[in-house]
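2 protein chains.
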Amino acid sequence: MDVSEDDLLAAIRKVLAGAVQGVVVDVGDDAAVVRLGSGDLVLTTDALVEGTHFDRTLTTPRDLGAKAISVNVSDVAAMGGSPRHVLCALTLSEDVDAAWVMELLGGMREACDGYACSLVGGNLARGSEVSLAVTVTGEVARSRAVTRAGAHPGDVIVVTGDLGSAAAGRRIRATQRRFDEDDLASIRRAERPTARVAEGQVLAGHGATAMIDVSDGLGLDLWRLCTESGVGARVWAESIPRGPRASLEEALGGGEDYELLATLPSEAAAAAAASAIDEASGVQLSTIGEVLAGGELLQVEADGKERSLDPAGWDHFR
Amino acid sequence: MDVSEDDLLAAIRKVLAGAVQGVVVDVGDDAAVVRLGSGDLVLTTDALVEGTHFDRTLTTPRDLGAKAISVNVSDVAAMGGSPRHVLCALTLSEDVDAAWVMELLGGMREACDGYACSLVGGNLARGSEVSLAVTVTGEVARSRAVTRAGAHPGDVIVVTGDLGSAAAGRRIRATQRRFDEDDLASIRRAERPTARVAEGQVLAGHGATAMIDVSDGLGLDLWRLCTESGVGARVWAESIPRGPRASLEEALGGGEDYELLATLPSEAAAAAAASAIDEASGVQLSTIGEVLAGGELLQVEADGKERSLDPAGWDHFR
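Order-wise, the sequence lines are chains A and G.
Numbering of the first sequence is given in this note's numbering, commencing with residue 114 and proceeding in unit increments.
Numbering of the second sequence is given in this note's numbering, commencing with residue 114 and proceeding in unit increments.
Calculated directly from the structure, the hints in this document are not laboratory data.
Partial selection, computed: residues in chain G whose CB lies under 7 Å from chain A:
1. 118
2. 129
3. 136
4. 139
5. 200
6. 204
7. 237
8. 241
9. 248
All figures in this text were calculated on a predicted structure; none of them were measured in a lab.
Heads up, the beta-carbon is just placed ideally off N, CA and C, and yes, glycines get one too.
Just chain A, with the same shape it has in the complex (with noise of 0.2 Å):
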């Protein structure tokens, strides 16, 4: 296919376009948001493929399993929900066998106990190379979800936990062959992420203008964030928490960290969050940036020059 991941999207929210009756945030967020009862309900969906996304001969079926919930956990927590029920849509190749099934079951369950959401449903069906649709539930007060469109010129940008790791553990695990404890902490995240919930409500509680999870890297998701509040960025690249073994290079553009990017009207709110956060789960809040008026994204490096952030990350169609 001749184009990216974000343009395709674009046309398919032309597709799609018309409000819905019932509808706040469609097609184009971390998820969609409807309203239902006396509250409104986070919906979203996320597949992992084989070849694409995993190798089986390079992850557990356990550590597979509890990954798929994570990664969607991650798009609830992303608009300050909290994570209700699950649906997985299996696609099994010839050659796997029950007991694969049944580690990978388990290693859904073991990561929604953890959530405190359920597994309530699924489907099977045959294929040619694994794949795991999985689809989640989440709840957020009435009219409280925090989308990628509100970010406001003169806003501060917070990231959750340190980022680049994931992107550090596949490339120690493809290129050394000892590894020592921050070694294998980061080929850790990259097999097992966690979603930042609590970290989520905690950020919506405090105020955020404007929530993602940087699943495709610093770079490109603070991009879709600005595209989608209509602003720009300056990010200073010392600021970027990054993991132990991560360049800086991994932090803005490797993916799969599964934290949270957002954005809050003032220091003191950012201060506060802060606090409220290490307090909850002792995951460290970094202030990173402002947002800017324009639509320009920048960065400023340690000797103080400006320069464009390029948002490469990992666009699954390039």
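Based on these hints, arrange chain G on the given structure of chain A.
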């Protein structure tokens, strides 16, 4: 894989066993039902995988998109619910172009419009084969979802519309080069099935004790309903409504009918439901048998002889 789809599902249910608060129906029915707000939410997911469920050279992307919606809406219909929201995790291979994807989405949107539900989100991934994993949410009044598990001995067994046309259509398309009107109508049933949403609600409203959509063949889906209900059934072969080109074998085991198979407490309830469905949509409701106390599935032939009914059908794992 050395196990059938039903065997694997049974094993999966064991892994996932354990009542969860707020989950009314979980793995093992047409759809999951969860408590949410003042009503119940129906959740279902189903994937169409290239090579297994469709051949890109034999279907248009518009029909394929519409079918992916209908097969999921059919599961919501089988619970007596109203479809509301749709998500699609789309896996695309390298040789798919943007125009094909737009047509596919156009077909999805057409079908969604027909069922008065909204495509609210999705995901794009790269893979070696095309697949569409669709999730549909639906609403149903609190505690009013009709499961597979409530059939009682003495209930009458009914089915909407006619059976076997999709199987006949696939056969006709593969073997004939000239087609009459009935041939074309049969082929159309395979290409563009219709979910029986209004019919499901009428059946639920007339006290259906159990319901399932006929996706894998009457024999197999009746066996599933009876197994969940802990009952048996006697079916009169002559009473099974067949499509104009369908053999009895295709009506019993062809699959992809997307008609509703339900049990009702009495002949009077069946007659009332038949009249209400005829008035609402002009679709015929046929009484085809009765629920038995034992676990046996029996088929009564035209000459009055009884023989065992084989739960043959389309098992994606055989």
